[in-house]
Every structure is written in structure tokens, then in C-alpha cells.
Amino acid sequence: MISLAGRDLLHSWGKFVFTGVGLGLLIGVTLSMAGIYRGMVDDAKVLLDNSGADLWVVQQDTLGPYAESSSLYDDTWRSILGMSGVARAANVTYLTTQIRQGEHDVRAMVVGVEPGRVGEPGQPGYLAAGRQITRGHYEAVADIASKFKLGDDVQIRRSHYTVVGLTRRMVSSSGDPMVFIPLKDAQEAQFLKDNDAIAQQRRRTAENPAFNRPGTPGLLNAVIASQSANPFVNAVLVQIEPGRAPEEVAEPIRRWKRLQVYTRAQMEGILVGKLIATSAKQIGMFLVILAVVSAAIVAFIIYTLTMGKIREIAVLKLIGTRNRTIAGMIMQQAVGLGVIGFVVGKIAATFWAPIFPKYVLLEPGDAARGFAAVVVICMLASVLAIRAALKVDPAEAIGG
Amino acid sequence: MADMHEKGIRIEGLRKRYGAGDTAVDALKGVDMQVAPGEVVGLVGPSGSGKTTLLKCLGAVIEPTAGQMILGEQVIYEDKWKITDLRALRRDKIGFVFQAPYLIPFLDVTDNVALLPMLAGRPNAEARKRALELLDALDVAHRAKAMPSQLSGGEQQRVAIARALVNHPPVILADEPTAPLDSERALAVIRILNRMAQQYHTAIIVVTHDEKIIPTFKRIYHIRDGKTHEEAGEGRTFE
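Top to bottom, those sequences are chains A and B. According to our numbering, the first sequence is numbered sequentially starting from 1. According to our numbering, the second sequence is numbered sequentially starting from 401.
Just chain A, same shape as in the assembly (with noise of 0.2 Å):
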């Protein structure tokens, strides 16, 4: 037996080619929805990769340093070292700000980390061109996504870095480039004031007779370079002894030192599961009306097509042609229609996710469950048209 839904496609390519386009690119749209969800927990991910630690050490009853702001002493990270399984410990300061460059900023993640301790947790990995910071001020390694140059001048809060090194991937959760300057830069740039907001605050501690005393003149300047200077990092990053499980090194942490430590498993939790989870359902809730509006176009068109073969179909009930071959020709057809629109979008979504401004990963499972969708889809779809064609009388053939 021919296939009926072949010839018919074969025979009007054009009509199925053209419509296959249109729909192709809404399944376009519905996979680079998808890519943008892997993308972002693609970049939590090489988040916790790229930082090259093992456990998270934060604030006790907090979520960070990436989900809630966090805070601890930038000593703090001494004493962890010195316990059972630690390998290594760093401090480490995350804030989120726009970049100036020139006319143009940036909106990226600055971090802050110890200068010239490569190969500590949270330092940059590896260098696509340049050199890591190795002065304790005013160096920068930047992330290539920022569009920033060796040798750029750029400007985090009141002070101006030298862009020394390129690093590639190294992302926030949120896709914003990576930054890194020295940890001391970072500190003073978190907490920075500014010049009016100093003074008033130096006049009201000058104002304040408890720390003005006349007997201990010594006292107000201690009280002010307290105030100005900023003891606190968001986190220290720990990398543990090879062979030691993350629980193991963690628990003692978080009892000994009433802190808060999260494990790889916990933090990819935290991000995937609270940072980007409303996200997650938004694009849940996009992919959702896509599937509906894509699953109403091919209902519409496949009904409009075979309504226009009303005659055909009466002739080829009449002549003998069963329910289930008519029915068949018809849902093959929408999924024909499905394929080619999925070929289609798959096409597009491969060439226009690069140009989008955060990374958008296209997988090809995610690209395998749209292709069944979009074969249900269409099976779905058809149906409309098949109970249609099921009702048309075969004595519509005879007469006039």
C-alpha cells in the first residue's frame, strides 16, 4: 500500500515546507527557551566548578554567599584551616555591580581573592591570555564575556583597575561575567561609603561623648578606623584532603565554629533549587503556552488542510478506503508537518542561540523530549481533523 500522506506531501511541498517553516520557528523559540534554563543551570554549575572548592564556609543561618548575602571575619579563615581534612582555605567576596569602561559599563560579578595564591579555591582557573593579579591592588582578571581587553582601564565603584589577564566561563549564577581583583580592593569596594557619608559619620562618632573622652584622647581615632575599615569576606571557600568525604570535614566546622558549611551537593541544591527555581517555572510556564499555541497551530492548519479535501476524503470513503487508513493519512501528515517544523526550529535555535546575551545550552536530550513532544503534539493535534474527515458521508461523492 502507497503512502497516501507521502504522496500528499510530496504533491503540496510547498504548502507543507512553508507552514513547516512558520511552525519551525515557534519550536525554535520553545527549544532556546529550554537551552536558556540549561544554560542557567549550566552556569550555576561552573559556578561552583570554576571555584574550585569543595565546601562553602558562610555566615550561620544563611543561604550563601550566592543565594543571601553573608558575612564573616576575613580571619576566620586561619582557624578552619587548622581543622581535620582541610587541605586548603581562602577568603573570597562576591559582589554584583556595573563595571565602567570608558562610555560603556558592564554589569558583572566582582570577586575578591588573595593576589597571587594561584590555584586556591576561588581564584581563576585558567588564563585565556594575560597573567593572574599579583599586586594587592588595582589589578583585574576578567572574565572574556565582559568585552573587556588587556591593558583596559576600568572602573569598580571610586577606584580604576588595569585589566591584566582573560579568563573564559567563569560566570555567576545569573550569567553576569566575572571580575577579579584583590581581596583588600573587594572588601573596601563592598563596603564602600561615600566622601560626604564619611564625614557626616566621623562627625556624629566625634559628636558622641562616648567615644570623644578627654582623659583618652586616643580612643575616637580607634573608634573611626574601626568604622572605615571593613573585616568581613562573604565566604571561605575550602578545598578538603583527597580521600576525606565533604560531610565528614564539614561537620566539625559547623559545630566547632558555629558556622554555616555547605557541601557541593547542598550548594548546587541551593542554586538550581532556590536562586534560579522561579525562574525555572517562569520558563516551565513559557514552555507550557508554546506547547499550547504550537499544538493550536497545528490543529488549525491541519484541519484547514483537510478540509479542503473534503471531496477527496468522500471519494475515498466511497471507494472502499477504511476508517483507519484515512485517519492515518491525516495524523501522519500533521506529524510530517511536526518534523519538518522541528528540523526547522532545531536549525534556528543552533544558529541564534550564540547571539543571545547569556548562554543558552542546547542539549540533545532536551532536543530529543522536544521531538517526541512535538510528535505527540501533532498526533494530538490531528485529531480535530480526523474526527472531521471520519464524519464527511461518502454519498457527498455522488451527486451534485
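Mixed in with the good hints there might be a few duds.
Partial selection, computed: residues in chain A whose CB lies under 8 Å from chain B [what the hints assert, rightly or not]:
(1) Asp8
(2) Gly308
(3) Arg311
(4) Gly320
To be clear, the hints were calculated from the coordinates, so they are not data collected in a lab. Think of the CB as a built atom: it goes at the ideal place given N, C-alpha and C, for glycine as much as any other residue.
Please build the complex by placing chain B on the supplied structure of chain A, with the hints as guidance.
Relative to chain A, chain B alone:
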């Protein structure tokens, strides 16, 4: 099949009522008709006389209300259908030629004709071989690979006749097959139907309004107000 071809088709007292109660309409009021194998008879009558209803009953697409239909030796209707698979009956035992050819636009000429035996489960090669033989007999074999839209009206109607004949049905129902054709082509179609009826021992009933082909029938059934009466035709050949 042989029996059916030997006896043709016979209907007796066929009635068809649409609706019920006060609004009931009797479209057929006891139609009698017999067409022998190899015979082409005309069925003529004014609009609303019941021609199309009779054709639909004969084509097993609507159920009569009463009467009897016998195809060959087999009673296919006697106050109710005696055959369960009417679809197979239409496919294997009845050929249809319509006012317009209604060829399937996405199949070429060969496959339009071969579709029926394919639907009946014949292998594609065998179905196409049979189709090509018929197309050859109807002088359209040279258009075997053409699509319906590439054929003239006369060629399309010959392909439609080939499709009606391809399963060698004992009866062919032709519903105004010459309506869209000019005189010359209309007469050519009737000649073809006569030739095919003789060649394949098929009983052919031609429903027509067409004054130019009515003189070609040897027997004519006139239908008026749901009843038929038979009269001899001129049987002219117009060679």
C-alpha cells in the same frame, strides 16, 4: 465473482423514505430494475425524481427502506442489508464514475487507478500492472505518470472509468459522467463504457440529463416521482 458477472444487478420494489411521520418523504416508491452483464442502461429523469437516491442505494451508501437488491446470485439487500462489510462491497463489487472525475490530486494516473486493488490488499506491483492494462485499453497509458491536473477533461474521465473497472466489479454506477464534456468527448466516453461493459461483462447504469447521449442507450429507465418505467432506446452508436 463469476456468478455476479453472469447475472448483473436486479432490484425489485426498492423503496426509500426520508424522515418519519408527517414530514416523511418517499424518494423511491418501489423501483424495479435489471441490468445484465455487458449492458449499459440509461437512468434519466428530472431533478428531484429520485435518481441520486437510487444511485446512493445501489452504491450501498444509504440504506433503502424496503425492497430487494441482488448482485449476481447474492442478495445484498432484502428489507435490510444482508452484507455486513458495505465498505468492502463498494470496493470490490461496485465501480463508481462521478460527474467530475474526482481523481486523487496527489496520486499520479497509475496510482489513482491502482489504489483500489491496493486497498483490497493486492501487492503494489500487481495493482499497477492491472491499472496499466486498463489505461492501455482506454488509450491513456501514455499519461500513466502524469498527475490529474495535467490531464484534459476527457483524459481525466477515462482514468476515472479505469479506476471504476480496475477491480472488475459486476456493476458500475456512473453519475452524469459526461456532464462536463462537449458532445464529441461525451459520446467517446459512452463508447468507452459500452466497450468496457462488453469486454469485462460489467453491468453499467448511467444516470444522465445529457440529451446528446440518451439516444446511445438500448434500454432506458425513466424515473419520475420515485418510480421507474422502462423503455427501449435507440441504441445509436454515433461512430
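Practice problem: Closer than 8 Å between Cβ atoms is the bar; does Arg311/A clear it against chain B? Give me holds or violated. | Solution: 6 Å, holds
Quiz item: Under the criterion of a CB-CB separation shorter than 8 Å, is Gly320/A in contact with chain B as hinted?
Solution: 2 Å, holds
Self-check item: Closest C-beta approach of Gly308/A to chain B relative to 8 Å, hint status
Solution: Cβ of Gly308/A sits 10 Å from chain B, so the hint is violated.
Quiz item: Quick one, is the Asp8/A hint okay against chain B at 8 Å, beta carbons?
Solution: Since the shortest Cβ distance to chain B is 4 Å, the answer is holds.
Hint violations for this structure: number 2 only, all remaining hints satisfied.
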